[in-house]
Amino acid sequence: MAKITIDGNTREVADGTLILEAAMEQGIDIPTFCYMARLAPLASCRMCLVEIEGQGKLQPSCATTVADGMVVRTDTPLVAETRKSMLELLLANHPLDCPVCDKSGECELQDQVFEYGAGEARFQDQKRVFYSKDIDLNPVIIFNAQRCIQCQRCVRICEEVVGAVALGTVEKGMDTKVTGFENSLAGCDHCGNCIEVCPVGALMSTPYRYKARPWDLKETDTICPYCGTGCHLSISVRDGQLSRVRSKYETGVNGETLCVKGRFGIDFIDGDNRLRTPLVRKEGGLTAVSWEEAAAFIAERADGAIEKGGSGLGGLASPRLNNESLYLFQKLMRTAFRTNSIDSSSRWSAAGPGAYQSLEGLFGGLYARRSLHQVLEADCILILGATVTDETPVTEYMVRGVARSRGTKLFIASARPSRLDSEAISSLRFVPGAEAYLLSALLNGIEGAEKTFANMGALKKSLLKAAKTPPPEFGEFLEKARTAFGAAESVTLLIGADLLRSPGAAAALSMVHGLGRVLDALGKRAEVQFLFDRPNQMGAWELGVLPGLLPGWRPVGDAAVRAPFEEAWGASLPADSGADFRRMLERSEAGKMDVLYVAGSDPLLSYPDGGLVESALSKARLLIVQDAFMTGTARLADVVLPAATFAEEPGTFTNNEGKVQELRPIRRPAFESKPNAEIFALVAEALGRDLGPVSPDAVFAEIAHLVPSYRGLSRDGLGDDGSYTRPFAEENGGDLDDPPLAAPRRTKGLELVTGDSMFHSGYLSGNSPVLGNLSAKAYVEMNPDAAAGLELADGSGVVVRSSHGEMKARLKLNKRFPAGVVFVPDNFADARLNRLLKHGEYPCPVEVQRE
Amino acid sequence: MFEKVLLKNAEKPDAHGIEAYEAAGGYQALAKVLREFSPDGLIQLVKDSNLKGRGGAGFPTGLKWGFVPKDSDKPKYLCCNADESEPGTFKDRVIMEGDPHMMLEGMALASYAIGAEVAYLYIRGEFVLCIERLETALDEAYRKGYLGRDILGSGFNLDIHMHLGAGAYICGEETAMLESIEGRRGEPKLKPPFPAVAGLYECPTVINNVETLACLPHIVNRGVEWFRGIGPEQSPGPKLYCLSGHVQKPGVYELPMGISLRELVDDHAGGARPGRKIKAVIPGGVSAPMIPESGLDVTMDFESLTAIDTMLGSAGVIVLDDGDCIVRAAKNINEFFHEESCGKCTPCREGLDWTGKILHRMEAGEGRQGDLEQLDFLCGSIFGNSFCALGDGAAWALKAAITQFRDEFVQHVEEGRCPFH
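Read top to bottom, the protein sequences are chains Z and G.
So the first sequence is numbered by the working numbering: it starts at 1 and just counts up by one.
So the second sequence is numbered by the working numbering: it starts at 1 and just counts up by one.
Everything labelled a hint here was simulated from the structure, so no lab data went into it.
The hints are all genuine.
If you only want the chain G side, here are some residues facing chain Z, beta carbon under 8 Å, derived:
#, residue
1, Ala168
2, Leu190
3, His338
4, Glu339
5, Ser341
6, Gly343
7, Cys345
8, Pro347
9, Arg349
10, Glu350
11, Gly351
12, Asp353
13, Trp354
14, Ser381
15, Asn385
16, Phe387
From the three backbone atoms N, C-alpha and C, an ideal C-beta is built for every residue, glycine too.
Given only the sequences and the hints, what does the whole structure look like? Please build it.
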């Protein structure tokens, strides 16, 4: 601690604190442009100069750390005069075109001139002009060089946080310009974080350009609907129209950052494909009807089937829906449709019942329900089965941050390469399926670990089975990871969606448990978090949108488990274990599905066996699709119910940290659409059931009452930063399975993997005009040498063929791709990638040929 | 007559080869040090010599070396600052062209003292002949075993890499130089951490000037007493002075530290041109405030010049006579700094742009009432507030010109023309 006196007030502050930060803590405002807590100090704008006793010159408070006994003054005439003169210098060449500048009204230069400036200009010579017109650096970022004040926040955030290094500085002195190569931003993520941190109107958002004055905007704070990072968003609306999306300085898990999807992809809410009215299939196709008619139609068609009961009914809901909607969906399915056939994980063909059992154990204890920032403070981080840069970009920024600033030892084992690899001690490319094998091989080599295996129950066998001398391509990675894990006091494992797609998911999850236990036995702290690429996967699972499991992971077959739910819901519940979506499809294909209810999901696009999906969905006697958009699945429906988007209904998401955060509607639902919760209530009512009060407060209270991990939480009490759910089982309790270990697969051919790209994530992003413009078509990504062997050139048209089907797209070469892996993003409807994929088989063996 | 040591070989024709250097006793200092001195012993010797850095700041060399942490397990680096770019300064060039081995031997000695096995030679890219000679000299030194592995059987290893600057004056600033070597944009970095602790690639690094390094073999060979016997007590040793501008015999002169400026200009450089009188002298490169003729009795050492609010700097002495327009000189100097400002900090980047605009107008006869006050304001805003010494030097030099020759500035504005042109 250091005793420091600022403007006469003496306080103790931690060593290493910057004077600027110490002053802020005392409520003393020191103006600055170049300082940002998240960036390395630059001390270039010279706005924050202060007097320090004993120093001849003024010192930059943003780069000077406190020292014991230091006496600082920020309130002297010299300091005031210096601030004034710096502002005068910054304004001297600044265009003062505030009336036509997007930033005007929220411009830091304006604000500081108002607060500290001279109020008049003394210089009369010509101002510097770089360009007469603003430059489109790319489709979303536009640049006015004249307005730039050279704080370099944009360049630094792009390099230090985002890691893209798309922006740089050219020329020197007065000619210094921020730009990319040839005034374009090669390698740009289009995340717009540079725009966010720009204090003036130099870097601007093209979609927002000339749309509004900041004071005309109505701003609503909410949570991003794209991935499970759960970033804080501020959405601005003018006259009911979406104007822009911002992140706020040091607010939310994301701080001031977002990814391209979050910042520019929210325009999906105004996408052309929005559903306007309920639709019912009549002669000649889907026809617009009233809500009453749609409800009556469902009642008429569903009644008989419900009486028959059980296996002819089922529902699928998306992990993009909020907690309240998801909870009501399963309540609706169980009480009104009287079925336990409920699923929310349609993309993961392989994650079967075994996987859910492991998940329950994981979420019960080992799962770290706390801030990702804290979880990342481990000595060692292993990222398994995730392409973080594309799937959860803001999480990626945070991992980069700890790897660079704390020297955290980072290991990445994934199918696809990513930019984060360059921050890792070692990166391993492997074909999905070998995750359990990899983890056990890793554990096996940690010093002293083997002694602990005896206490690992059935898992012991698998642990010992794993080869101590793994295949050579694993060698270097394992060696380094074992050493690092061995030396670490704390280890964090971050698991991506790839692992859940893999047929070995159940085994891998068991081994994740094993890892937790072994590390625990070695006296190390082990924590696990998922890196879901959907905003509410954790909520969907914990709230019982699963076959066979009631909210809180509780088996529906147990009468004692059902009893409190039956009491609360005033209905007897079916006791069978229900079907997952795969079995629902199989039943439908066999002509045995009476009612299939799909909410917010487009399995026609995303579920493997595309051919089967289409045929099975068509054969369902009553296919109800509730969605905001006219999806491919909706086109096959008998009834289409137009639903609100995340931005038009209240609710909560539970993010990857296990944190419940509030969604606040920015406007009323568009057209005739309704909030999802209200639609469920309406359908229940049509079926003669009462779902009870469906207001967000009431539903949340019911969740908090019935679901152990939500116990004690209330919607009112979530606070601006959200509240954490809690683990519900005894620490690492229960037996461990002995999972089958699949050795790494080795094929001579190519293996197809899929997932999100940086610009797209499922069908949601496809409805965003901006994202659609940035990335319009499916592509096939592969290694240049592998392509050369097949005589395929970059950009050429290729056919990807599996034993199931084929698709066509352009080839995109990436030299960091492993030779045997091919990637196709999973979101492009016209590519119909799922026609190639087969249930239970991932990755998918394919051939790639010239078109 | 003062005995030259730094220019002794350089002034001989074709003495830049290793044979000539060895014949004159070259690399004996390195051999002696490797044989007889511990690194600490060498640091102590240089501390005792009171050698002060010849790059401009005059920081004691031995003390600088002593800041390198002994217990660091990181590699240590020596960087030789051969980016000589200060207008009016051309002394390092003479050493590198005429006697490159003297500097290389100095680099080897400094590297040994601080425990560096890799040294960088950051040289101004325009110094084509220097680069050619140094490339040859490096080859020769490696071949003869003065560089490379196990030098002279001592177990000491040293590799020297030459890095060519791309024309930015700011890269002579030590931290900007390190950025440049690392392949980044040449801009000064925050201190602390100082390079001695975290410099090149975040490792302990010492940056020494060419002339500083060139002094080292002589200190080893001839001893501390000899060195301290030259010039004033607080900053002793031989010194290279660069004389340019309106003197009869411009050139590089080796003379003791502390010689009087008047003696240097009048006796050694031949004084003003016939019929002209000296008006002012810039004593240490264009960052150093000019001294009016009346002040020429000052002695040329760090302390004496600092005492009269200017500096020895790089000892680039530029002479202005009564035919020279001070406004024009100030404008030219300002143009240099304006061009060379890296653009990082507000006062230097923005301030020098506006001083430039005003000086340009003034000299063109378009000065306005209030211009001088604006220059005063700008000098005040830049000086003391800029990130590195570039902005400070520019403002300091301009302020001195305006203060000492205010009448000339006023005359430009009032007459609406340059009285000299």
